[in-house]
Every structure is written in C-alpha cells, then in structure tokens.
Amino acid sequence: MSKFSRGALTAAAASVLLLTACSGPAGSNSGGNTNSGQPAGGPLRIAVISHGTAGDSFWNVVKNGAEAAGKELAVTVEYNSDGDPAGQAKLIDNAVAQQVGGLVVSMANPDALRDSISKATKAGIPVITINSGEGRSTEFGAVTHVGQNEGIAGEDAGKRLKQAGKAKLLCVIHEAGNIGLNQRCDGAKRGFGSTSNLQVDISNPTDAQARIKGALQSDPGIDAVLTLNPQVAANTVNAIKESASKAQVATFDLNPDVVTAIKADQVLFAVDQQQYLQGYLPVVFLKLYRDNANTVGGGRPVLTGPGFVDKSNVDAVGKNAERGTR
Amino acid sequence: MATAVGSLDERVARKGLLDRLVARPELGSVLGALAVLFFFSVLTERFLTPLGVATWLDDSATLGIMAVAVALLMIGGEFDLSAGVLTASTALVTAILATKLGWNTWLAILASLVFALAVGALNGWLVMRTGLPSFIVTLGTFLALQGLNLGITRLVTGTVQVSGMRAADGYAGAGFLFASTIDIGGTTFQISIIWWLLAAAAASWLLLRTRFGNWIFAVGGAAPSARAVGVPVMRTKILLFMTTAFAAWLVGTINILRFTTVQANQGIGLEFQFIIAAVIGGCLLTGGYGSAIGAAIGALIFGMARQGIVFARWDSDWFQLFLGVMLLAAVLVNNTFRRRAERVRK
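As you go down the protein sequences, you meet chains A and B in turn. One point on numbering: in my numbering, the residue at position 261 of the first sequence is 301, and numbering is uninterrupted. One point on numbering: in my numbering, the residue at position 231 of the second sequence is 626, and numbering is uninterrupted.
Next comes chain A alone, as it looks inside the complex:
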C-alpha cells in the first residue's frame, strides 16, 4: 500500500478496500512472459476474440478460417467479437476464466486490451495477435502477430493508383473509431500524393452511398476512390454511376460483389489481406506451439498481405470469395 503516496483516499471506498489486498493498475513496463502451461497432445481449446461487429463480412472469413483449421486439427475453436474495446477486454477475461489453451486476439485498440492480455499470458495461455496491433504484439507477450501492415498496404495501393495515371484520390473511412483504417488512408496519401478523406458510417449503406456521391459531385477533379471495405466499394460503384463521375474505384478486401465489379472494370483492383489466413494460421501456430514448442516469424509479424486482386487473377480468387474463404 505504501506505493501509493496519495493514500489519503476518500471515504467509504477505501475502508472497504483496506480489508483486502489491493493493487492499482500497473505502471508502464510490464512485459509478459509466455509459458506453455499445458502438456503436449490432448484436446486443445482456442478462443478467437476479434473487434469486428457481428455479421461483418470481413470477420466472417476470419471466423471461417479459424473454424476450418480447428476442424482439420481437431482443435475446439470458439469465436466471439465485440467492437467496443471494453467489451472485447471482458471477452478476453472470460476466456482466461475458462482456462482456454490458446488465445487469438485482434488488437484494434491495444492499450485497452493490455491488462486482459497480460492476465492471459500470466495464466500461461499463449496469445497470438491478428489483424491489427502489430506494433504492440511482442510487448504484450504474444507469441507472434499474423496480419497485414496497414501503412504498407495503404502505401502500395496509393502507388498502384498513381501508376494507373490518377491525379486526385478520395479515401473513404467507414468506421470512426478504427485506427487501422486511418493508417491505410495515411499510407495511401504517402504513396499517392493529393488525397482527401471522407468519413461514412458502414452501418448505414444508404447514407454512405449518398455521402460518397456528394463528395464526387462537389469535387469533379476526383478521379480515384479508395474504399477500405468491399461493401463500401459497391456503394461507391453505385455512387459513381449515379453522379456521372469519371472516377475509378480501388478497394481493400474482397467479396463476391467486388469480384463481379473487377470483372466488369468497375473496380480497378482490390487489396487483399487474405484474412482467411488470419483465422487459420494462428490456430495452426498455437497447436504447433503447444505440441512442438514452435514459434513462427522469429519475432517479426507473419504478413498475410497485401496481395492484389485485379483482372488478371480475379477468376481464381473469385471462386473462393464465394465460398467465404477469400
């Protein structure tokens, strides 16, 4: 208790606290160490906890990947998600309370998950981070990170658009609180140059489409739109049709609509981070980690992207997008 010189705490709360051992939140440097707490072999249970909202097409593919790996390796995989960081932290606490054998977490908001993840590593549960949070993964004691570097992906997309001869880019952010989306647009700006951002709300596609239309009409100089989600890409294709703009669309991530649109020359290319791998690989890695003490990546992230899907390879990829694996 002496650690807290501000011990002159107010009234009732303190008196209750004094009866039990208590501790404030930890200071800045608490690196977790991972130890495989379970013997090799036997049943393994892995919890996958993402920050996606229920019903999001992107995260559905991640879930499919994790479940497919689980089936192939006879590992029980449970997927849960909560877009609110506090809710996600509680889901992690829940998984720790259930003593799962491994934890896969997407870290859109690493600081908020810090305590929960360190609880997991302290309990000897190996953690693999996926999708976002690459920079903080090792610091939190994760075994490895599986994902795409958002900044690099954005930059590459920007460069490709520049090579296609575009002059003015609009980057559409569809989720207000997501840091990864901002990194993509910042990256695109580095790779492309003249770029402006537009904020839309993915949960209201009508509104998203109208706002994109408005942006295109108010600035006819825009000849390229980069969307960060396939659904928004489809909205943008419609918006372009309705506003007689000459802009072309590029997008992050695939879905069957985008595949059709690429075939029809309505979408130039899709940056594919192959999120199926972000579900599939961690399950394999955790199984290998437990059974064979393997680690992958050598302290560096395992990159699942950016891959690019354009007219040249869209047929092969498209078939799989329909199955929900791309």
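Simulated from the structure, these hints should not be mistaken for lab results. Since the structure is predicted, the reported quantities are computational estimates derived from the model, not experimental observations. Some hints here could point you the wrong way.
Unchecked claim - One-sided excerpt, in silico: chain B residues whose CB lies under 8 Å from chain A:
1. LEU452
2. ASP453
3. THR552
4. THR655
5. ASN660
As the list claims (entries may be wrong) - Under 7 Å between C-beta atoms, here's a sample of chain A residues computed to sit facing chain B:
6. GLU112
7. GLU118
8. TYR119
9. ASN120
10. ALA126
11. ASN134
12. ASN149
13. ALA152
14. SER158
15. HIS214
16. ALA216
17. ILE219
Cβ coordinates follow ideal geometry from the N, Cα and C atoms, glycine included.
Here the structure of chain A is known, so what remains is to put chain B in place on it, guided by the hints.
Below, chain B without anything else, positioned relative to chain A:
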C-alpha cells in the same frame, strides 16, 4: 414503512411479509437474477468459479452504475439518450487534457466532471424550458456529443483514439481510486464493482429516505399535481439529468483509467442497455414507479447473461438472439410480479 401499527386506516396498515415483499418493484428482478444465475451455473462449469464471477460482476458494474442513475431519471419521468455517448465524452475530456495538455490526472478528471454536469444541466434545462419530450432533446445531445467526440479527437490527435493515460501525472493515485483491483483469495476483482454497490446504495437511500426522493416519485407520477403541492419540478428534473451525467462521468473515468485509452466512437448504443437494465429492474417507461436497487440487479442480469452465453460456448452468431430472448423473459417475469404487486397495494 412499518410504523403504523394500531392505525385503523388501511392505507398505512401493516401488511403480511409476503405481501410486502411482492409489493417491492425489485422482486421480479431478484427472481430473474437468481434464475439466470442458476441457469448458467448448472449449464457451464466455470460460471461460478471465482474468476468466472469476477468476469460477470465486472461486466455488470459499469452498466449498473449507469442503470441506477438512469432509473432515478426514469422514475422522474424522463429519458436520457445521451448517457451512453457521454461516458465516452467524459473519458475523452480527461484523456485529452491529461495527455495532450499535460494536466495532472486529478485536475483533468475534475474538469471532466464539470463538463459532464454542464451537459446534464443543459439537458434538463432544455427539456424544462422547451417542454419537448426528453427523448427528443437528449437525442439531439446524443448526436451533438457523438460529433464532438470524433471531431475534437481528430482535431487534437490526428487519429481516432486518445491513449497514453498511464504516463500522465497523478495517474497512479487516480488509478487507485477508479481502476484498481482487489485480490480476494487469488482472484482479482475490479474496483468498479464497489462503485456499483455504492451507487446502488446511495441512489436507493436518496429515493426512499429523503425528501428529494419523494419529489422524484412525485414529478414522475404527475408533474402538474406535484407542482401544485409545492414540489420544485424544474429543479428536481434538472438535478436528475445532472445525476445521470455524474454517473456517466464516473463510468467514463473508470474506463479511461482502466483501459488508458479511449476511442471516439465508444459508448454509442449503450444508452439503450441502461434503459433496459432499469426496466428489468422494475422501472416503468411511463415514470413514477421503480427502484434503484432493482436497476442495479437488472444490470447484473444483463452482465450475467452476456458473459454466461460466452461461458456456455454458444455460437456467437446467435448471441444477440439469446440475449434478446433472455432479457424479454426477465422483463415478462417482472411484469407479472408488478401486476400482482399492484393488486396487493389496492
């Protein structure tokens, strides 16, 4: 409530224990909570382990703090749709002042409290002055705050999150008060649970043992009659909105100190959970009836159900369906008891 022994007036006559129990607005929620507790304890292995209990109590705590304040407001006959977003706004104010302007954490928290009370007072004042339903007025504040949260955060930080709270001056002390953990038998419990109990106790005392509590029931039941007998309706309602704002500040502070980061779109949609918890706890949507303890238990049901579903390992695709059915069931149980209670009271 049981002092009128010997009186012949049936309105104050002493009733049997069962009748008195049934007449309590929170009875339904207590039974609901026991049912949910029993259900998940039998169904899952880890729900009732200390770590499991810590998990669902944690989930219930911040929701419960808000539900208690929202219950008071609802008994007073009003809604606050801005309450969810305000939990994020207060956290953002604290975080921006402490990390971007280098303020001491305590000072930042205090400024955030002033901000919250101002928003609450504005809500109340607008509702009273315009005569518009609070549903509309606070919907306006909800949208305005949502825009402010994102706009100011992006303006100040260039991104959509504010983090780095851990490095701010005075973090350890404030963190101790709002975000520490308590170790009981090797299991860590969040201090927010204690804040939740305190909030429930304080609100219940206010409602049942003070003159202000009588005013709350009066303005919610029939504002014109209340005004006629000298209840300061305007002051009471403004204070109620400020109470909700105060609770939002408390939750925002707990969140920012615990998670040390806040994102601009946090809190949206939570306002309905607060209202649901209060309704499960026995509050009427029409005002004038309800209980603070009931709302705290309503939050407990919500938290237990939400985490219990995860413990039960049900497919998360169906998560909201399970939650919806369970909450509906809780409310129906509640309603049955309230009808019975009303019969007893007559």
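Taking the hints in turn, this is what the structure says about them:
A distance limit of 8 Å between C-beta atoms decides the matter here; for B/LEU452 the minimum to chain A is near 11 Å, and the interface restraint is violated. A hinted interface residue such as B/ASP453 counts as satisfied when its beta carbon comes closer than 8 Å to some beta carbon of chain A; here the least separation is about 6 Å, so the hint holds. The beta carbon of B/THR552 comes no nearer than 10 Å to any beta carbon in chain A, farther than 8 Å, and the hint placing it at the interface is violated. Annotation: B/THR655 was flagged as interfacial toward chain A, and the flag holds, the nearest CB pair being 5 Å apart, inside 8 Å.
A cut of 8 Å between beta carbons decides the hint on B/ASN660: the least distance to chain A is about 4 Å, and the hint holds. Restraint check, A/GLU112 versus chain B: the minimum CB separation of about 19 Å is more than 7 Å; hint violated. For A/GLU118, the suggested interface contact is upheld, since its CB lies about 6 Å from the closest CB of chain B, less than 7 Å. Evaluation of the A/TYR119 hint against chain B yields a held restraint, the C-beta minimum of about 6 Å falling below 7 Å.
For A/ASN120, the suggested interface contact is upheld, since its CB lies about 5 Å from the closest CB of chain B, less than 7 Å. Taking 7 Å as the C-beta cut-off, the interface hint given for A/ALA126 holds, the closest approach to chain B being about 6 Å. Hint status for A/ASN134: holds, given a least beta-carbon distance of 5 Å to chain B, under 7 Å. Checking A/ASN149 against chain B by beta carbon gives a least distance of about 6 Å; that is within 7 Å, so the hint holds.
At a threshold of 7 Å, the smallest CB-CB gap from A/ALA152 to chain B is about 4 Å, leaving the interface hint in force. Taking 7 Å as the C-beta contact cut-off toward chain B, the hint placing A/SER158 at the interface is violated, the least distance being around 12 Å. For A/HIS214, the interface hint is violated, the least distance from its beta-carbon to any beta-carbon of chain B being 11 Å, above 7 Å. Given the 7 Å rule on beta carbons, the hint for A/ALA216 holds: about 4 Å separates it from the nearest Cβ of chain B.
Look at A/ILE219: its Cβ gets to within about 6 Å of chain B, closer than 7 Å, so that hint holds up.
The structure does not agree with the numbered hints 1, 3, 6, 14, 15 stated previously, though it agrees with the rest.
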